[in-house]
Amino acid sequence: MSFQEKNIAVSLSTFTLILGFYLLRIFQMIRGESFNSTNVFRLWGIIVLLAVIGTILLTIFTHIASGIVHKVRTNEDPQIEDIEDERDQLIDLKGIKVAYTLSSIGVALSMLTYVFGHPPLVMFSLLIFFGITAQIVADIRRLALYRKGF
Amino acid sequence: MSKGRIGNNIRKLRFLRNEMTQQDLAEKVGVTRQTIIAMEQDKYSPSLDLAFRIALVFNVPLEEVFSYHLENNAT
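If you're matching them up, the sequences are chains V and A in order. Number 16 in numbering that gives the first Met the number 0 belongs to position 17 of the first sequence; there are no gaps in the numbering. Number 63 in numbering that gives the first Met the number 0 belongs to position 64 of the second sequence; there are no gaps in the numbering.
With the rest of the complex left out, here is chain V (with noise of 0.2 Å):
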C-alpha cells in the first residue's frame, strides 16, 4: 500500500468512526429529547474537532506503525515516497468532484426538509451527515481508482 494510500485509508476510517459517532448522539438525543440547538452546535464543534485532530493523529501513527512493521519484516529502513505526482492530482480530483457532487446534493436534500415545513435543526444535522458521507464515499472512490486503475 502507497503512502497515498494509506492517507487515504486513515482518513476513510477516521470519518467513517465520525460519522457513526455522530448518528449515535443524534439518536441518543432525539430519544433523550434533547435535540436542541445547543446540543446539536456542540456535536457540531466536537465532530470538527475529531476530523481535524482525529485524521493528522491517526495518519501519524499509521506511518509510524506501518514503517515499524516494515524495518521488523525486511531490516531496511521505511521509504516513504510523500512526493505527489500527476496520477495522485488527477486521482484527487476525481475523488473531490464525487465529494463536490454528493455535499451539493445534500445541501440541495438539507434545504429541501426546511422548505417543507421541518425544523431548522433537522437541516443543520443533515447537513454535518451529508458532508462527512459525501467524505467516505469520496474515500472510496479514491482507493478504488489507486487499487483498479484508471
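If you're looking for bench data, these hints aren't it; they were derived computationally from the structure. All values reported here derive from a predicted model rather than from experimental measurement. Glycine residues also receive a C-beta, built at the ideal position from the N, C-alpha and C atoms. One or more hints might be untrue.
Negatives, chain V to chain A, calculated, CB over 10 Å [what the hints assert, rightly or not]:
1) Gln3
2) Ser102
3) Ile135
4) Lys147
Derived Cβ-Cβ restraints for the label pairs, each shown as a range [as the list claims (entries may be wrong)]:
5) V:Arg146 with A:Ile5: 47 to 57 Å
6) V:Val114 with A:Asp48: 27 to 37 Å
7) A:Phe51 with V:Ser12: 37 to 47 Å
8) V:Asp76 with A:Arg10: 49 to 59 Å
9) V:Asn74 with A:Lys42: 46 to 56 Å
Straight-line C-alpha distance at most 27 Å; calculated DSS-like pairs for lysine-lysine [as the list claims (entries may be wrong)]:
10) A:Lys42 with V:Lys5
11) A:Lys11 with A:Lys42
12) V:Lys93 with V:Lys5
13) A:Lys2 with V:Lys93
14) V:Lys96 with V:Lys5
15) A:Lys42 with A:Lys27
16) A:Lys2 with A:Lys42
17) V:Lys5 with V:Lys147
18) V:Lys96 with A:Lys11
19) A:Lys27 with V:Lys147
20) V:Lys93 with A:Lys42
21) V:Lys147 with A:Lys42
22) V:Lys147 with V:Lys93
23) V:Lys5 with A:Lys2
24) A:Lys42 with V:Lys96
25) V:Lys147 with A:Lys2
26) V:Lys70 with A:Lys11
27) A:Lys2 with V:Lys70
Following the hints, put chain A in place on chain V, whose structure we already have.
Only chain A this time, still in chain V's reference frame:
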C-alpha cells in the same frame, strides 16, 4: 467514436537498460514507483509531459515507448 487504449513498452525498455528498477525510473522522471507500476499494468495513461520524459530517459522516440490502439473500429 472508437475508444482507444494506450499501450507501452516500459517494462521491456527497463529490461534492455540493465534491468533498470521501477524506483530508478520513477526518480528519473519525478513520479512515484506506484505510477510506474500502474503504467506498466496499463492502469494509467501518462500525460504528454511524463510520456516525453520517459522517452528521454530511455533515449528513444516517443512512439517506441507508447502505442495507441483503437479497441473497436466504428465506421
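Comparing the hints with the structure gives:
1. Gln3: violated, 8 Å
2. Ser102: At roughly 27 Å from the nearest Cβ of chain A, Ser102 of chain V sits farther out than 10 Å, so the non-interface label holds.
3. Ile135: holds, 23 Å
4. Lys147: violated, 7 Å
5. V:Arg146 with A:Ile5: 47 to 57 Å: violated, 20 Å
6. V:Val114 with A:Asp48: 27 to 37 Å: violated, 48 Å
7. A:Phe51 with V:Ser12: 37 to 47 Å: Once the Cβ atoms are compared, 39 Å apart, the range 37 to 47 Å for Ser12 of chain V and Phe51 of chain A holds.
8. V:Asp76 with A:Arg10: 49 to 59 Å: violated, 27 Å
9. V:Asn74 with A:Lys42: 46 to 56 Å: Given a distance of about 31 Å, which is not inside 46 to 56 Å, the answer is violated.
10. A:Lys42 with V:Lys5: holds, 19 Å
11. A:Lys11 with A:Lys42: holds, 17 Å
12. V:Lys93 with V:Lys5: holds, 18 Å
13. A:Lys2 with V:Lys93: Within the cut-off at roughly 20 Å; holds.
14. V:Lys96 with V:Lys5: OK: Lys96 of chain V and Lys5 of chain V at ~21 Å, within 27 Å.
15. A:Lys42 with A:Lys27: It holds: about 21 Å lies between the C-alpha atoms, which stays within 27 Å.
16. A:Lys2 with A:Lys42: holds, 15 Å
17. V:Lys5 with V:Lys147: holds, 16 Å
18. V:Lys96 with A:Lys11: Cα-Cα ~36 Å, so violated.
19. A:Lys27 with V:Lys147: Answer holds: Lys27 of chain A to Lys147 of chain V is near 25 Å, not above 27 Å.
20. V:Lys93 with A:Lys42: holds, 15 Å
21. V:Lys147 with A:Lys42: holds, 7 Å
22. V:Lys147 with V:Lys93: holds, 14 Å
23. V:Lys5 with A:Lys2: Outside the cut-off at roughly 33 Å; violated.
24. A:Lys42 with V:Lys96: holds, 20 Å
25. V:Lys147 with A:Lys2: Given that 27 Å is the threshold and the Cα spacing comes to 19 Å, the pair holds.
26. V:Lys70 with A:Lys11: Roughly 32 Å between the alpha carbons, so the hint for Lys70 of chain V and Lys11 of chain A is violated.
27. A:Lys2 with V:Lys70: Given that 27 Å is the threshold and the Cα spacing comes to 45 Å, the pair is violated.
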